[in-house]
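Enquirer: Given only the sequences and the hints, what does the whole structure look like? Please build it.
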Amino acid sequence: MPFEFIDNNAPIDRASRKRIRSRAATGKNANRTLVRAPKAHILRNPAASTPFKAPTSLHKTRENQQNKGDDDLIVEIGRPVDDALFFFTNIRHNPQLDGALVNPDNMRSLWVRYFFQDEAYFHCSVATSILCSKNRVDETAQGMRHIAHTYRIVQERLHGKEATSDMTIAILIVMSQYDRLQGQYMRGFIHVQGLYRMAQLRGGVVKLSRECWGIAQKLLRADLEYALQLGSKTLFGDDGIEALCEMGFPYVGNGEQVDSGDGSELDSFLKQTLRTELWAVFADMRRLGAMLNDASAGRRRKLDGVDFHCSILLLGYRILKLNPLDEALGTAMSDLENVIQLGLLAFLVTFLTGLDHRILDKPLLSRRLRLAIKMLSASKDAGQQSQLVQRVIMWSLFVGSAAVFKCSEDDWLNPMTQATMRTLGLYAWEDAKKVLTGFPWVDALHDRAGIVLCSTQILLKFSGATDQFF
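When the letters of the sequence shown are read in order and numbered with full-length UniProt numbering, they come out as residues 1 to 470.
I should point out that these hints are in silico values taken from the structure, not numbers from a laboratory. Backbone N, C-alpha and C fix where the C-beta goes; we use that ideal spot for every residue, glycine too. Where hints are given, some of them may not hold.
[As the list claims (entries may be wrong)] Ranges between beta-carbon positions, derived for each pair:
hint	residue 1	residue 2	range
1	L158	K434	53 to 59 Å
2	L158	D431	55 to 61 Å
3	G248	M144	35 to 41 Å
4	E211	A332	39 to 45 Å
5	A141	A378	29 to 35 Å
6	V102	R14	54 to 60 Å
7	T353	P415	27 to 33 Å
8	K374	L201	43 to 49 Å
9	A332	A163	39 to 45 Å
Expert: Listed below in structure tokens is the structure:
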């Protein structure tokens with residue numbers, strides 16, 4: 001083979017690089033025939049085996065822990081990979097609650113392992129991260145490519161032996177979140193319905209939670225979030241409540257043990273007025289809020305993040321069991337009960353943040369709560385025990401402002417809040433805060449919105465007085 005020299009002192013252009021590669025390949029592949037598999041043969045390969053090459057430490061860990069449950073698998077992945085995957089693996093809660101919650105590291109390994117093991121999970125996770133990182137709801141070309149790969153692989157897998165595997169369920173959970181971030185709730189609800197059928201084929205969500213509680217918890221979270229968005233009943237219902245009660249050690253129960261209250265005038269009034277199940281949820285939510293306040297202030301140990309998450313989901317299932325947001329699917333309730341239930345849901349959604357730590361819009365809940373407040377303030381119930389009813393209205397206004405009400409609703413929110421505070425004789429945030437302590441309220445999470453709403457009323461009052469003077 002003759003020699004051919006390249007001048008290293010001159011810039012190597014594209015043609016020179018091509019000549020170098022061709023000469024090297026000639027020597028390596030001399031007298032050899034390159035055979036490539038046809039594309040049709042590649043496409044016929046089953047989608048069930050689409051793993052990535054996992055790190056050696058991952059294989060060693062799996063070999064050492066074959067007899068242990070999936071949730072016990074701890075995978076150590078060095079930086080910078082660990083930093084890059086933190087977005088997908090950490091438990092999502094409001095950053096304001098960092099002083100009240102502590103999250104165990106063992107939950108992170110489950111989702112990291114899936115990221116490396118399965119191609120469909122990888123593609124769907126990347127597509128979801130693109131939506132969050134770009135802070136947009138419309139699909140990008142890159143995200144569409146990833147989600148198209150996911151659909152292709154999942155469609156083939158659903159016809160195989162892994163149709164109801166943990167991996168397939170985890171992929172559908174991420175796909176439902178992808179559609180939810182886009183606002184495609186009806187399309188995403190199809191995934192949730194598919195998850196429900198998969199859980200039933202696995203023996204029910206209770207059995208699934210015993211086999212892999214991390215996946216079951218995410219599945220129930222998706223069911224609850226779609227029920228809040230669409231106004232429907234939760235698909236898992238009582239089975240979901242039972243499964244959540246068995247996961248870890250939630251800080252609330254299933255509602256069978258009713259709180260007797262603290263003996264205050266407000267508690268006595270609500271306990272007599274509300275149905276037993278609604279009063280039980282109200283008392284449990286208030287107690288959970290008090291625990292968060294104590295943990296943030298250092299008066300008690302921090303709450304476990306996983307158990308707290310189970311508690312929030314459990315409370316959500318219990319509230320929607322009383323009445324879904326769609327009025328056509330529920331039972332008749334009094335005006336006061338409507339405001340209490342919807343206010344509790346507004347309190348709840350402040351803990352259900354998305355992957356970007358933001359609360360997604362809840363237009364149905366916002367509209368229902370606004371109408372319920374107006375009806376209660378105009379009803380005859382407001383005349384009986386008027387001061388106590390006004391306190392309920394005030395709490396619902398403030399918690400709604402922190403969770404679901406938008407700036408576009410200020411035209412009715414500010415006058416209603418101003419009138420309620422005037423009726424109760426409240427003229428400063430410190431006075432309003434004393435009233436709110438009798439209700440579910442988390443200082444680190446809700447105080448900021450409460451201060452803004454209260455300060456707005458003071459400014460409007462001062463502005464009105466100034467205009468009248470001139």
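Enquirer: Each of the hints needs a verdict: does it hold here or not?
Expert: Checked hints:
no.: 1; hint: L158 <-> K434: 53 to 59 Å; in the structure: holds, 56 Å
no.: 2; hint: L158 <-> D431: 55 to 61 Å; in the structure: holds, 59 Å
no.: 3; hint: G248 <-> M144: 35 to 41 Å; in the structure: holds, 38 Å
no.: 4; hint: E211 <-> A332: 39 to 45 Å; in the structure: holds, 40 Å
no.: 5; hint: A141 <-> A378: 29 to 35 Å; in the structure: violated, 52 Å
no.: 6; hint: V102 <-> R14: 54 to 60 Å; in the structure: holds, 56 Å
no.: 7; hint: T353 <-> P415: 27 to 33 Å; in the structure: holds, 30 Å
no.: 8; hint: K374 <-> L201: 43 to 49 Å; in the structure: holds, 46 Å
no.: 9; hint: A332 <-> A163: 39 to 45 Å; in the structure: holds, 42 Å
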